[in-house]
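Each protein sequence line maps, in turn, to chains V and A.
Just so you know, our numbering puts 5 at position 5 of the first sequence, and the rest follows in order with no gaps.
Just so you know, our numbering puts 63 at position 63 of the second sequence, and the rest follows in order with no gaps.
Keep in mind that a hint or two might mislead.
Unchecked claim - Only part of the chain V face toward chain A is listed, based on derived beta-carbon distances under 10 Å:
id	residue
1	Phe10
2	Lys14
3	Leu43
4	Arg44
5	Gly77
Unchecked claim - Below, simulated DSS-like cross-link-like pairs (lysine-lysine); rule was C-alpha separation at most 30 Å, straight line:
id	chain 1	residue 1	chain 2	residue 2
6	V	Lys57	A	Lys110
7	V	Lys70	V	Lys57
8	A	Lys3	A	Lys69
9	V	Lys71	V	Lys57
10	V	Lys57	A	Lys3
11	A	Lys69	A	Lys52
To be verified - In silico negatives: residues of chain V with every beta carbon more than 10 Å from chain A:
id	residue
12	Val4
13	Thr7
14	Thr20
15	Gly42
16	Glu52
17	Asp62
18	Leu75
19	Gln108
20	Thr113
If you are wondering where the hints come from, they were derived from the structure by calculation, not from laboratory data.
By construction, the Cβ of each residue, glycine as well, lies at the ideal position given by its N, Cα and C atoms.
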Amino acid sequence: NAGVTQTPKFRVLKTGQSMTLLCAQDMNHEYMYWYRQDPGMGLRLIHYSVGEGTTAKGEVPDGYNVSRLKKQNFLLGLESAAPSQTSVYFCASNPIPTLRVGAAFFGQGTRLTVV
Amino acid sequence: DAKTTQPPSMDCAEGRAANLPCNHSTISGNEYVYWYRQIHSQGPQYIIHGLKNNETNEMASLIITEDRKSSTLILPHATLRDTAVYYCIVTRVEYGNKLVFGAGTILRVKS
């Protein structure tokens, strides 16, 4: 049982390059999220999904696109990377929450540097 | 989603209880209170959550005031490994349970 797995763990991009970050969860969770965390700051929500085939914008969606074609995978794309997108990216998944269930599980992060 | 207010930092002696406060005065009736922590640069870790009653699990206790406008996370016997940033989050289920993180409280446990 791997939980939430993010690929890759580290990446250096040149300005203007594109890439896709992959998040995979094996817990059959409905909800999935992408966050970014800049140095000394809390996490900010980029996009999220409440189920297969659905996506929605979070606090800071500009410059990113996402897809949830399969329930277990949530992809985050950068079409034209900018230095301002240098950050640590965290993926999370969450079952439909009730009082007794509702913990979000986070991946270990992807450290992206755009030069 | 309701906004939360936490002190920026706190210190606690090892072996003592750590009490981390959180204000959420605009919380709605269907919003839950969640606590997460982030150790160094790892992914956040779930601690506990509740709606209106006090909750306890193997990691911590959550005390929610009767008017639900504030809560306290209690780590009963803090250890050095509990040094982390602690986030108090309020969220509604029907919004996909999205977690909006503030700056949190840096808890430093000292020997």
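Where does the structure disagree with the numbered hints, that is, which hint numbers, in rising order? Violated hints: 1, 2, 5, 6, 12, 15, 19; rest satisfied.
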